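Participant: Can you make the complete structure from the sequences, with help from the hints?
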Amino acid sequence: MIYIIMGVSGSGKTTIGKRLSKILEMPFYDADDYHNDKSIKKMKEELPLDDADRVSWLSLLSLRIRRWNLHGDAILACSALKRKYRYKLSNNNKVTFIFLDGKYDLIYKRLLERKNHFFTVPMLKSQFTTLEVPVNCIRISIDKSESDICLSIVNNIQKEVDAK
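Sequential numbering of the sequence shown, starting at 9, is according to my numbering.
No lab work stands behind these hints: they were computed from the structure. Given the structure is predicted, the values throughout are model-derived calculations rather than measurements. Wrong hints could be hidden among the right ones.
[Stated by the list, open to error] The calculated DSBU-like cross-link candidates involving lysine-lysine, where the alpha carbons are at most 35 Å apart (straight line), are:
#1 Lys133 with Lys52
#2 Lys117 with Lys49
#3 Lys167 with Lys111
#4 Lys117 with Lys52
#5 Lys46 with Lys133
Facilitator: Below, the structure written as structure tokens:
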């Protein structure tokens, strides 16, 4: 199973994903590492990516997910903001989406504190506009500590495993 930690930029996908990777002893991957130079340049210029910008990125991620599934479980941090993006990632792949759900003001504050990342605060509004809140997922509120968020996710994953 590939556990996709999803949400808008600043919701904690990478931070939580890395912690879960250690707790669950699974490899961690970050979808940001698979953006092409053109997309990174566009985001640095505070221009939001559109669907056309994401086509090759999502295709590459879908292939990687298929490969990672062959080797066991893994964790991927990926925005996966739209239903059609999640469909592309999950198509013929074993995935579970974990939605890090937070209010705009909390995430805005986090982005102000973040250093050395190509995503900028002005683009946050476009991410909230683009976000299609997922239905079939593990939904976790991010208004608690990182430890509590990870514990909630681990408990939810265990419930899913036990139910199978």
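Participant: Indicate, hint by hint, whether the structure satisfies it.
Facilitator: Now for the hints, and whether the structure bears them out:
1. At roughly 15 Å between alpha-carbon atoms, Lys133 and Lys52 fall within 35 Å of each other, so this suggested pair holds.
2. Our distance criterion of 35 Å between C-alpha atoms is met by Lys117 and Lys49, whose separation comes to about 24 Å.
3. Under the criterion of a C-alpha separation no larger than 35 Å, the hint pairing Lys167 with Lys111 is consistent with the structure, at around 26 Å.
4. With a C-alpha separation of about 19 Å, the suggested pairing of Lys117 with Lys52 holds against the 35 Å cut-off.
5. For the suggested pair Lys46 and Lys133, the alpha carbons sit about 21 Å apart, so the restraint of at most 35 Å is met.
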